[in-house]
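Below, each chain spelled out in residue letters.
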Amino acid sequence: MKKYFCSFRMGMKSEYEYRLNFIFVLFSAFFPMIIQTFLWIAIFENSKKPIVYGYTLNQMILYTILSQMIAKFLKTGVETEISTDVKTGGLSKYIIKPFNYLLYKLFGFVGKKAIHMEIILAFILIVLVVFNWKVQITMSIGRGVVFLVAVFLALILNFYIFCCLSMLSFWVTDAWGIFFGARFLIDMMSGAIFPIDIFGETIIKVFQALPFQYMVYFTVNIITGKISLHMALQGIGIQVIWILVLGLLTRYLWKRGLLQYVAVGG
Amino acid sequence: MKELTKHLRLMGLFTKRYIMSQMEYRTSFFTILIVESLILLSKLLYTAVVYNTDMVVDGLKPEAITLFTGTFFIISAVYGSIFMFNFTNLQNSVYDGSLDIAITKPISLQFYLTVSTIDLAVPIPNFIAGAVMVTNAWKTLELSMEPVVIIGYVFYIILGVLMLYSILLLPPLLSFWFVKSEGISHIVSGLSNFNMMPMAIYPKALKIFGTFIIPIFIVSNFPPLFVLGRLNVGMKLWGILAPIVFFLGARIVFKKAIQKYSSIAN
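For the protein sequence lines, the chains are A and B, in the order given. Each residue of the first sequence is one higher than the last, beginning at 1 in the numbering used here. Each residue of the second sequence is one higher than the last, beginning at 1001 in the numbering used here.
Be careful, since some hints might not be right.
[Stated by the list, open to error] Beta-carbon label-pair distances, calculated as ranges:
# : chain 1 : residue 1 : chain 2 : residue 2 : range
1 : A       : Leu185    : B       : Ala1205   : 42 to 48 Å
2 : A       : Val130    : B       : Leu1109   : 46 to 52 Å
3 : A       : Val262    : B       : Ile1019   : 30 to 36 Å
4 : B       : Gln1259   : A       : Arg256    : 32 to 38 Å
5 : A       : Leu259    : B       : Ile1187   : 43 to 49 Å
6 : A       : Thr56     : B       : Ala1205   : 21 to 27 Å
7 : B       : Asn1092   : A       : Leu249    : 33 to 39 Å
8 : B       : Leu1109   : A       : Leu185    : 39 to 45 Å
9 : A       : Gly200    : B       : Leu1033   : 26 to 32 Å
No wet-lab data here; the hints were simulated from the structure. Using N, Cα and C, we set each Cβ at its ideal position, and we do this for glycine too.
Model the full assembly from the supplied sequences, consistent with the hints where possible.
Below, the structure written as structure tokens:
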């Protein structure tokens, strides 16, 4: 386990070096946030109902802000890293070493995110304090802890989704288009662009059978108070199940993929 | 006139070169097409929300709002086709020193660096969606089909493209001073997304900022506003003057930037 903590520390150190970059990335999330906030204000002003898609205006604005932040925080580049390693033959230097490559990547990824976590939590705290001052939101220490656990599990879940996807690199020479397209689809299905409630019952049912909503939609709604603490705990259980399923699938594909691997340039 | 013909002929040659290369790498063409369609799909969610909630803003019904969104897609298609890849390449060419070869070409350096890489896969989905939305809005709203209105709309679209070119060229030019300016490019390009919705949804301060300071609303808010008869004489003139002023400004910055360039190959 010690060697994986080294990877964790390496991830932390490298990200600390480029922490300003993450602040820029966060800043780029402000524009969709502003556009959507004013869009929702216009919709609620126009609507005669105080609740649209199951949200009050304040809940919707809070959702808009937090979903953009959480989506940026969860973002991974692991699929590109693994794909490059497979394509260039760089993977060879890892598979001869006495550690599990995928665990090495996971710990490195979590290490990077540990630095982002401080920035994102500070931001979320500011947003919540401002919102609590303006309007009352259902907040308690218990809900806060459940939220933190859900965010951490969402991070691991996101890692395994993209890690699983990256296994395609063993069969497809240049999979950047698949990764890029998948990112947009996953953003849509996870509730990162709009809450999935806008899609209508049939599509929501399909989304509920998939793991994506447990990344953004579920975690943000713990804070907005749209789901009860009991349902939040249930959701955490489902997150764990999806992590196990995707972890096992990734492991299976990794083993199959290695049989295909040709160390080009290695 | 002779210069214009020469540059138009060159654009024809760049397009021919693009088609030849895409015939060689057909998969790449279809990959970009699919990815771009997915990006478009995520943007269409905004329109879906507008229709679902039957939003009316400043007297603009959903059909009128799609006139704005459609125009945004058309201008995005033109930008994606002619300038987008060039602006990315410009940053890279400063970084890796490949600008040296471009400087030796016997044509306008700004023209060569900002127009030489044409792409036809990016604009297809955007243009189709934009054209369908604009045509549908035009019909539903029973807008005037008089040549003056149509020519005026196309004229403001051309000015919008010029404005977008002038604004989005500035971040890549910063790479002459800072070498890496991707973060700023991301932020500035995000500004153009404000045009997905009519500027009427934003607060007054943002409208003034987006019309007079960084006139991003001139890009794709002014053409539909002209068609809907919502541009007063002052705004009509500003919509013509601002793109010209900003283009001349971008030209001056470009010349200054080139003077700053020091080749890393020497």
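Hint by hint, here is what the structure shows:
1. Taken as a hint, the range 42 to 48 Å is violated for the pair Leu185(A) and Ala1205(B), whose Cβ atoms sit roughly 36 Å apart.
2. Taken as a hint, the range 46 to 52 Å holds for the pair Val130(A) and Leu1109(B), whose Cβ atoms sit roughly 49 Å apart.
3. Distance hint check: the CB atoms of Val262(A) and Ile1019(B) are about 33 Å apart, consistent with the given range 30 to 36 Å.
4. For Gln1259(B) paired with Arg256(A), a C-beta distance near 56 Å fails the hint of 32 to 38 Å.
5. Look at Leu259(A) against Ile1187(B): about 44 Å separates their beta carbons, and that is inside 43 to 49 Å.
6. At about 25 Å, the CB distance of Thr56(A) to Ala1205(B) agrees with the hint of 21 to 27 Å.
7. At roughly 37 Å, the beta carbons of Asn1092(B) and Leu249(A) sit within the given window of 33 to 39 Å.
8. Separation of Leu1109(B) from Leu185(A) is about 40 Å and conforms to the stated range, judged on CB atoms against 39 to 45 Å.
9. In this structure, Gly200(A) and Leu1033(B) meet the distance hint of 26 to 32 Å, their C-beta atoms being roughly 27 Å apart.
Hints 1, 4 from the earlier list are contradicted by this structure; the remaining hints agree with it.
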